Amino acid sequence: MGRYRKGPGTAFAGGVQVKSEWIVERNFSKVAVLFNGWGMDAQTAYWLMQNGPVPDGIDILVCWDYRDPQLSPTVRERVEGYDEVIVISWSLGVAGAMSSGLCRVDRAVAFNGTRQPLGRETGIDEGLFQATLDTWSEASRQRFMRRICGGNEALDRFRDAVPLRSVEEQKEELRCIQDRILSETESCDCRWDYSRAIVGGRDLIFPADVQKSAWNGYDVLVVDDMPHVPWLRFDSWQEVLACVQ
Numbered sequence: 001m002g003r004y005r006k007g008p009g010t011a012f013a014g015g016v017q018v019k020s021e022w023i024v025e026r027n028f029s030k031v032a033v034l035f036n037g038w039g040m041d042a043q044t045a046y047w048l049m050q051n052g053p054v055p056d057g058i059d060i061l062v063c064w065d066y067r068d069p070q071l072s073p074t075v076r077e078r079v080e081g082y083d084e085v086i087v088i089s090w091s092l093g094v095a096g097a098m099s100s101g102l103c104r105v106d107r108a109v110a111f112n113g114t115r116q117p118l119g120r121e122t123g124i125d126e127g128l129f130q131a132t133l134d135t136w137s138e139a140s141r142q143r144f145m146r147r148i149c150g151g152n153e154a155l156d157r158f159r160d161a162v163p164l165r166s167v168e169e170q171k172e173e174l175r176c177i178q179d180r181i182l183s184e185t186e187s188c189d190c191r192w193d194y195s196r197a198i199v200g201g202r203d204l205i206f207p208a209d210v211q212k213s214a215w216n217g218y219d220v221l222v223v224d225d226m227p228h229v230p231w232l233r234f235d236s237w238q239e240v241l242a243c244v245q
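Numbering-wise (our numbering), the sequence shown opens with residue 1 and increments by one.
In short, the hints are calculated from the structure, not lab data.
Misleading hints may appear alongside valid ones.
As the list claims (entries may be wrong) - Here are the computed distance ranges between Cβ atoms for each label pair: (1) Ser140 - Arg120: 16 to 24 Å; (2) Asn152 - Gly81: 39 to 47 Å; (3) Gly201 - Arg143: 35 to 43 Å; (4) Cys176 - Glu80: 39 to 47 Å; (5) Asp125 - Trp192: 38 to 46 Å; (6) Asp125 - Arg104: 32 to 40 Å; (7) Gly119 - Trp192: 16 to 24 Å; (8) Glu169 - Arg147: 31 to 39 Å; (9) Ser140 - Glu80: 21 to 29 Å; (10) Ser137 - Arg157: 32 to 40 Å; (11) Asp193 - Arg159: 13 to 21 Å; (12) Pro73 - Trp192: 34 to 42 Å.
It should be emphasised that the depicted structure is a prediction, and the values quoted were computed from it without experimental measurement.
In this text, a Cβ means the ideal position worked out from N, Cα and C, and glycines have one as well.
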């Protein structure tokens with residue numbers, strides 16, 4: 001199936017706040033908000049739709065680009081008007097979701113990420129993070145995609161979900177995330193927390209042992225054969241939503 005370049009839902013692509021797009025918007029009583037990983041876009045959400053229909057009864061919003069993680073007031077008000085709000089986050093989107101300004105979340109699941117994403121003991125090794133930022137280019141982006149998928153074969157399968165974003169924009173996003181963390185201005189004043197964390201045993205970005213330590217005391221599911229991209233293991237909206245408890 002070919003690439004999607006925009007979806008049928010309403011897009012909110014503000015110049016400052018995190019970008020977001022409605023994938024399913026039918027005024028159901030429940031909404032699932034996917035906070036995607038760094039450098040990604042709405043392609044992931046549409047790729048998941050290719051592998052099976054979205055379960056009935058739930059709207060879906062996808063968010064990406066954490067140069068400023070705050071959702072626009074319009075989107076935030078719309079999300080918090082649902083009877084039930086479910087957050088699904090991945091990688092740097094785990095921390096991004098907690099800095100989004102959402103005040104009410106009923107259930108939340110984190111895939112291959114932590115609430116404090118920068119640091120050898122809490123998330124991504126600082127040296128790896130800096131090296132990714134310093135060397136980011138079209139060539140390094142290809143290597144990175146192969147690494148997070150777990151090899152060429154898996155990347156080929158995930159090809160339709162590769163983001164339609166420029167190298168320059170992705171680099172700026174990563175620098176903004178680093179600057180907020182290092183300056184300790186990454187706000188996390190939300191009144192909700194994650195109810196579950198799903199850890200990939202083959203994650204080469206957020207090591208599994210680090211994740212398990214960071215989520216000590218939480219409900220943690222370890223999937224031994226899962227790489228950093230969880231959607232290669234949970235590859236449809238049915239399977240992703242089944243992980244929410």
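So, going through the hints one by one against the coordinates:
1. In this structure the supplied range 16 to 24 Å holds for Ser140 paired with Arg120, their Cβ-Cβ distance being about 21 Å.
2. Evaluation of the 39 to 47 Å hint for Asn152 and Gly81 yields a pass: the beta carbon distance comes to about 44 Å.
3. About 21 Å separates the C-beta atoms of Gly201 and Arg143, a value inconsistent with the hinted range of 35 to 43 Å.
4. Separation of Cys176 from Glu80 is about 25 Å and departs from the stated range, judged on CB atoms against 39 to 47 Å.
5. With their beta carbons about 28 Å apart, Asp125 and Trp192 fall outside the hinted range of 38 to 46 Å.
6. Distance hint check for Asp125 and Arg104: the Cβ-Cβ separation is about 34 Å, which falls inside the suggested range of 32 to 40 Å.
7. Between Gly119 and Trp192 the Cβ separation comes to about 23 Å, which falls inside the hinted range of 16 to 24 Å.
8. Under the hint 31 to 39 Å, the C-beta atoms of Glu169 and Arg147, about 20 Å apart, miss the expected range.
9. Checked against the hint of 21 to 29 Å, the C-beta distance between Ser140 and Glu80 comes to roughly 38 Å, which is inconsistent with it.
10. As the Cβ distance of Ser137 to Arg157 is approximately 24 Å, the hint placing it in 32 to 40 Å is violated.
11. For Asp193 paired with Arg159, a C-beta distance near 35 Å fails the hint of 13 to 21 Å.
12. At roughly 18 Å, the beta-carbon separation of Pro73 and Trp192 lies outside the given 34 to 42 Å, and the hint is violated.
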